[in-house]
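Based on the provided sequences and hints, a complete structural model is requested.
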Amino acid sequence: MGVVHGDLMTLNIGPQHPSTHGVLRLKVKTDGEIVSEVEPYIGYLHRCFEKHCENVTYDQVIPYTDRCDYIASMNNNFGYAVAVEELMKIKVPERVEYIRVIVAELNRIASHLLALGTYGLDVGAFTPFLYMFRDRERILDIFEALCGARLLYNYIWVGGVSHDFPNEFVETVYSFLDYFEPKIKEYNELLTYNKIFIERTADVGVMPPEVAISYGVSGPNLRGSGVKWDIRKNETYSIYEKFDFDIPVGSGIMGTVGDCWDRYYVRMQEMVQSAKIVRQALKTIPAGNVHQALPKKIRPPKGFIYKRTESPRGDLAYYIVSDGSPIPFRLKMRSPAFTALSVLGEISQGWMMSDVIAILGSLDIVLGEIDR
Amino acid sequence: MTVDNLINWFPFGAEWPVITFVTAVLICAIPVFLFIAVYALVAIYGELKISSFMQDKVGPMGQGVGLHAGKWGLLQPVADALKLILKEDIIPESADKKLFILAPFVVFVGAFITFAALPFSQEIIVADMNIGVFYILAVSSLGVIGIILAGWSSNNKWSLYGAMRSAAQIISYEIPAGLSIIPIVMLTGTLSMQGIIVSQQGIIWGFLPNWIIFNNPFTFIAFFIFFISGVAECNRTPFDIPEAESELVAGAFTEYSGMRYAFFFLSEYANMFVVSGVAVAAFLGGWNSPIPGFMDSPSWGLFWFIGKSMSLIFLMIWFRWTFPRLRVDQLMSVCWKVLLPISFVNIFGVGIWNLLVG
Amino acid sequence: MSEDQDKYIAEVVEKALRGDMDAINNIEDRVTRSKAKAALIKAKRLSKTAAAEAAPAEETAQTDTTLTEKSLNQKVAEALAKKFSGSIDSEDVNEYIQLNGKNWFEIAQYLKDNPDLLFDSLQCITGFDFGEGEALEVRYNLHSMTHYHAIEIRIKTDRNDPKVPSVEQVWRIGDWFERETYDMYGIVFEGHHNMTRILCPEDWEGWPLRKDYETQETYHGIIVPKVKEGWE
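Protein chains in written order, with the working numbering: chain A, 512 to 883; chain B, 1260 to 1617; chain C, -15 to 216.
Keep in mind that the hints were calculated from the coordinates and are not lab data. Positions of the beta carbon are idealized from the N, C-alpha and C atoms, including for glycine. Treat each hint with caution, since some may be false.
As the list claims (entries may be wrong) - Facing chain B, from chain A, some residues (calculated, C-beta under 7 Å): (1) Leu522; (2) Ala636; (3) Thr638; (4) Leu641; (5) Phe754; (6) Gln803.
Claimed, not checked - Here are the simulated DSS-like pairs of lysine-lysine, each with C-alpha atoms no more than 25 Å apart in a straight line: (7) Lys739(A) / Lys96(C); (8) Lys540(A) / Lys1316(B); (9) Lys813(A) / Lys195(C); (10) Lys1416(B) / Lys538(A); (11) Lys602(A) / Lys19(C); (12) Lys694(A) / Lys1316(B); (13) Lys210(C) / Lys562(A); (14) Lys694(A) / Lys1596(B).
What the hints assert, rightly or not - Example chain A residues on the side facing chain B (calculated, C-beta under 10 Å, incomplete): (15) Met520; (16) Thr521; (17) Val567; (18) Phe637; (19) Gly659; (20) Ala660; (21) Leu663.
Below, the structure written as structure tokens:
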């Protein structure tokens, strides 16, 4: 429309790059500094998880689900276990439900810390990255005491969990929460309300809610655009209805609704809410045997199920088809980061090169989940 | 010890002027070069340790005074320097070889020759020109050519991006820097560095040293404008878009490795010292002691000058690890829409203040 | 403990199972009463598992509370039958609606725009292979963000020449989901603007998730390792 273009320069933000959050290739067509098209190329981490699942038994699938979204493994396991349990109509003991919610929310905090820390790194703030990782280390230490692993837990099994709490676990978690909640204030002072950070992220990469829904975006990305949708509240599963927590929604405080700052802020607030949930759960956790309902052999009846759960990145769903044998017939994992990445091309048109990196960081993608 | 003094000192100066001149220059230049090298090692070590403490890390450890047991890691910068010297020298095949090799030298020369006019002490200055400040501002722009050469000759789109951004940034920020020096010149009436410093001797209001920064509110603001422009000229965060690691890998210097990269690195730190040195000389009293009469003799001048410059460099390091970085267009708008008008206002303000009060 | 007590407890449990809880509540001895209550719980559990085992083998994941969902599926099926005749393949719409791929694009737009249905969110596209030599299928999970209801649509297609109309223009996420299904199953979505592989490399041969998939021998001269034997 009357704009003069020179030749568009094609740039490659290649698979190896300090800030693409994994092996991702972006083909960017720019006119000087202004980007006119971004095309993501994925598949560098594709291990065909779904084909593997057609060859192993139901409980052997759980370590595979760990490795899809390796930053929030507990939530992956959780989603899978809940889906198979609903297919088999197993009811797990109360204690197991409470334990699952506690570890899932702690993992949500850890995942958000990583997302926000690396986002600060993308826009040039080196220090909050290290502060957030320092706090994430404490959560990983808690998990190591619980199940022996720091990143890939294989903890939530179909029908229960693998280990019960060790001694003094509840006190450790309480002391972590007491240490962590004032840190949010520190992060806010250092990064969230920093004028330069606001200039870099407010009004940048605005995602209108219709675009978000059409592209299937979910989780903090969707809530940043003002849509109040959280599967823990809207299609509740496990015992989330017993807890009292809010759903933070972006409202354009610093700029437009649905910009990068809103998505960042929603994640920040979600950490506060997760800490609240963990506190409530720890107070009322009942005693019990966590291995009570573990089935000896997992043979779901013939049928299918599509079960959605809320992972830190959004709406994680498993579509499982069972033909009565101990091996899944078809298992599809619908990953939230897959849809989040697909919207990148749409919302980064017209912005500058540095903004593309900022927008990509705000979408919080994990390539393991996208490529499976 | 200036070149002039040395030339006068030589017994046969009148008979062999060229050789005398060259020898005098060499005798003055080599200590400066050694000073830059040692200072760079100290600054790198300082940056590592200070950044580590700010980020709740421990930084380089061991290699202490007793080796293996200390918590200071003092040999770390030496190890870094050795590593850079011994690295393989890679030149990309499709790069423009001559320009590729030339670029680091141009950048370094641009940083190095400004040291000629820095007043280290009352008697230590390589060339006591009567246009000292003007010379420094003019010559420090030479580095831009080197950066553009580096970006272009690498034959790499990322380097080109970085070089273009860097060139735009440095050239733009020269203007507020220069304009903030003008109030100094107006107040002191001289462009010579030693002259500016000499005019800052004494005490005002009974206890404050007679530094120009305390002279009137406009020069106070001018100091900050000069310092911010200086940080931008050194490509330091929050203005380090040209080397933004998370976007452009290493910007204009992506293809450089080993000793050539070491030269770029060295010139960045040298630039930092120049900027701090000029700020100290122009605004903070140069080699004068803050408490006149206390440690005031000419031999202490070196200590004060380097000490004050180092504290400004500490401030630059502090900035780097605290702030996120500005985007290119925001950087430009800060320069042209904010710093430039304020520096104009400063010039008028200082003039009017001088008329009314001084 | 004693046999009389056991018989007495069994009696009151029988009564309670039929709905008469007074028999248990009126027992005076606290110990016996608690034993009776425990026995009642056990009996209820046993009867439930017996009932589950006796249930037909075709148990699906839908529970009784999906009465409204059943009527949703039926509602949608009726509306589709009226508007796009001949597109519904199967009469059984309890869990999913089976379409035959004709007019799928228009049906998709109708599902999205109709104010009663408003399925504005495509949650997932799953490819499905019934087995070697059998048909392929594409399954769509739709969800509405305004009415909060969900539905599943299935479209069968022939194994040797699988073609399904693309819904990329209706739900923008269809773009990548369809590319993934194409990559894994070889189902071509007509009308897609860029039907290329997304996860595997561009020049990979074969459709990995099909049941009769054999990995190729070499790829660009590198030998592709086979699946190890004796995995389970």
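Checked hints:
1. Leu522: Because about 6 Å separates Leu522(A) from the closest Cβ in chain B, which is inside the 7 Å limit, the hint holds.
2. Ala636: 4 Å, holds
3. Thr638: 5 Å, holds
4. Leu641: Holds - the Cβ of Leu641(A) comes within 7 Å of chain B, reaching about 4 Å at its closest.
5. Phe754: 32 Å, violated
6. Gln803: It is violated, given that the least Cβ distance between Gln803(A) and chain B is near 43 Å, above 7 Å.
7. Lys739(A) / Lys96(C): Answer holds: Lys739(A) to Lys96(C) is near 20 Å, not above 25 Å.
8. Lys540(A) / Lys1316(B): Not satisfied, since the Cα-Cα distance of roughly 40 Å exceeds 25 Å.
9. Lys813(A) / Lys195(C): OK: Lys813(A) and Lys195(C) at ~19 Å, within 25 Å.
10. Lys1416(B) / Lys538(A): Holds, because 13 Å separates the two Cα atoms, which is no more than 25 Å.
11. Lys602(A) / Lys19(C): 24 Å, holds
12. Lys694(A) / Lys1316(B): 17 Å, holds
13. Lys210(C) / Lys562(A): 13 Å, holds
14. Lys694(A) / Lys1596(B): 36 Å, violated
15. Met520: 7 Å, holds
16. Thr521: 9 Å, holds
17. Val567: 39 Å, violated
18. Phe637: 6 Å, holds
19. Gly659: For Gly659(A), the interface hint is violated, since the closest Cβ of chain B sits about 27 Å away, which is over 10 Å.
20. Ala660: Interface hint status for Ala660(A): violated (25 Å vs cutoff 10 Å).
21. Leu663: 26 Å, violated
In terms of the numbered hints stated before, the structure departs from hints 5, 6, 8, 14, 17, 19, 20, 21, listed from lowest to highest.
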